[in-house]
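Protein chains in written order, with my numbering: chain P, -19 to 249; chain V, -19 to 249.
Everything labelled a hint here was simulated from the structure, so no lab data went into it.
Treat the hints with care, as some may be off.
Claimed, not checked - The list that follows gives simulated cross-link-like pairs (lysine-lysine, BS3-like), each with its CA atoms no further than 25 Å apart:
| no. | chain 1 | residue 1 | chain 2 | residue 2 |
| --- | --- | --- | --- | --- |
| 1 | V | Lys184 | V | Lys220 |
| 2 | V | Lys243 | P | Lys2 |
| 3 | V | Lys84 | V | Lys2 |
| 4 | P | Lys2 | V | Lys209 |
| 5 | V | Lys84 | P | Lys84 |
| 6 | P | Lys2 | V | Lys184 |
| 7 | V | Lys243 | V | Lys220 |
| 8 | P | Lys243 | P | Lys184 |
| 9 | V | Lys220 | P | Lys34 |
| 10 | P | Lys84 | P | Lys58 |
Stated by the list, open to error - Here are the in silico distance ranges between beta carbons for each label pair:
| no. | chain 1 | residue 1 | chain 2 | residue 2 | range |
| --- | --- | --- | --- | --- | --- |
| 11 | P | Lys34 | V | Gln83 | 35 to 43 Å |
| 12 | P | Val170 | V | Lys84 | 30 to 38 Å |
| 13 | P | Ser31 | V | Thr87 | 33 to 41 Å |
| 14 | V | Ser9 | P | Ile244 | 48 to 56 Å |
Claimed, not checked - Covered stretches of chain V (chain P as the covering partner; in silico rule of three or more C-beta atoms under 8 Å from a C-beta of chain P):
| no. | stretch |
| --- | --- |
| 15 | 61 to 72 |
| 16 | 124 to 134 |
| 17 | 139 to 145 |
C-beta: ideal position from N, C-alpha, C; glycine also.
Protein chains: 2
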Amino acid sequence: MLRRTVLFVSDGTGITASALGKLLEHFPSTQFTQVRLPFTDTLDKIELAQSAIKRATDEDGGRPVVIMSLGNVDLRNKLKQANAYFIDLFNTFIDPLGLELDQKPLTGAGIAHSVMGSNYHERMEAINFTLGHDDGMTNSGLDEAQVILIGVSRCGKTPTSIYLAMQFGIKAANYPLIPEDFERGTLPEVLYKHIDKIFGLTIKAERLHSVRSERRPDSFYASLDNCRKEIATAEDLMRKNNITWADSTSRSIEELSAIILQKIRQPAK
Amino acid sequence: MLRRTVLFVSDGTGITASALGKLLEHFPSTQFTQVRLPFTDTLDKIELAQSAIKRATDEDGGRPVVIMSLGNVDLRNKLKQANAYFIDLFNTFIDPLGLELDQKPLTGAGIAHSVMGSNYHERMEAINFTLGHDDGMTNSGLDEAQVILIGVSRCGKTPTSIYLAMQFGIKAANYPLIPEDFERGTLPEVLYKHIDKIFGLTIKAERLHSVRSERRPDSFYASLDNCRKEIATAEDLMRKNNITWADSTSRSIEELSAIILQKIRQPAK
């Protein structure tokens, strides 16, 4: 297997640059070592980056990929004296975009992820809301929720809610469906007046059994039979109430969130 | 103020494409409307995207920016028949990177954010760990933590911990410093054996006062005077124990996380 190092060199957090690192998943037959060099904003630090490039080349037997986001032109040019395959976010994106918009881009360090960012405070508020409305812990404030995820215990509601809040500033509450609900055959009463905001998650019984068994091995709760029954009843409940749902078994929280966003951003019918 | 729409068109979640949207912060004098079109993986959906492009052009009085990630070449070419400024992740990054690596990239839909991604399960485990070790809720399992954030109540420990877990797969516990600790003049006892993993957060008193006042207005807890005293004592405690800390007042959780990662990834001295 081919080995290559990818260095993310940024004068800020390096988060935008390393988001592009996800594109490396398109090359599964190369084993990438990812190295982040944030706050690289002086000539000295550029020299350290150059040494890292050289070291990686020696270790891998091939030049590294450098994904770089440096506002300062001198630092940019200096770094490029090293031997690497450079992807320069300024050259490739920001400068051409400036021509398109007929505007000079800001070139200060760390602009993309400062607290001044356009929706930073919205995102922080959403995180607070979501943590305070995890696992049905309160019924108050549900009016404020933009989405309420429901589903059986351990089907992925919490990480998906937090991702929606952190990434998109969505106030996402979540509510478990529990044995009492299944016996009664109705959703928790408080949810009916928010029915338009509800999105369901479901999961395959085998997977739920394995997830629950990690926490409570050999319990009734984790048994395959109980998982099957809970899931079937939860799906019945959702069907009966016309709730859209998605299966979390083979979907990442990013994929689930993208599906949920599509649903909640559609105008109500 | 110039108005432009940015469309993120992807055959997957669109998350990699929209991460590049952060680069728009470099153009503060344009007001961008961001529209995500995930799962655009058929000709019909490409046509919907083309209509959205046209509509945005009419509304803004200028052609939109389209950041696109489409594995299928036919869909890619079809979309580009619309009049927009295109940033094509395949043309710009993935295909040239394939030449550099001498490998054909995978072109299936949604490769970047599937559960098959290289560290997905590590990230999910980290989120579970972090949620289970928020706010000093348990002392068990701290051996497993990769970092333990400490600081006064409401200084930003929780969102930073969750970001570290979600984005980087770091198991981040956090522990509040509370009046009992200040009276005793020592850190919580349990933390001393993990002192190498501790990172401190601090905050300006005025900001803390304002954050706490939202929750408990006019309380002693939120009073400026108490905030000042708690912060001074917490900083004293951290200084006495040689704990590195960062001020969260004007830093985003992304910036704090980048700082913390730099610290914890340095080899111990």
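Tested hints:
no.	hint	result
1	V/Lys184 <-> V/Lys220	holds, 20 Å
2	V/Lys243 <-> P/Lys2	holds, 24 Å
3	V/Lys84 <-> V/Lys2	violated, 29 Å
4	P/Lys2 <-> V/Lys209	violated, 44 Å
5	V/Lys84 <-> P/Lys84	violated, 36 Å
6	P/Lys2 <-> V/Lys184	violated, 36 Å
7	V/Lys243 <-> V/Lys220	holds, 19 Å
8	P/Lys243 <-> P/Lys184	holds, 22 Å
9	V/Lys220 <-> P/Lys34	violated, 39 Å
10	P/Lys84 <-> P/Lys58	holds, 22 Å
11	P/Lys34 <-> V/Gln83: 35 to 43 Å	violated, 24 Å
12	P/Val170 <-> V/Lys84: 30 to 38 Å	violated, 53 Å
13	P/Ser31 <-> V/Thr87: 33 to 41 Å	holds, 36 Å
14	V/Ser9 <-> P/Ile244: 48 to 56 Å	violated, 31 Å
15	61 to 72	holds (count 4)
16	124 to 134	violated (count 0)
17	139 to 145	holds (count 3)
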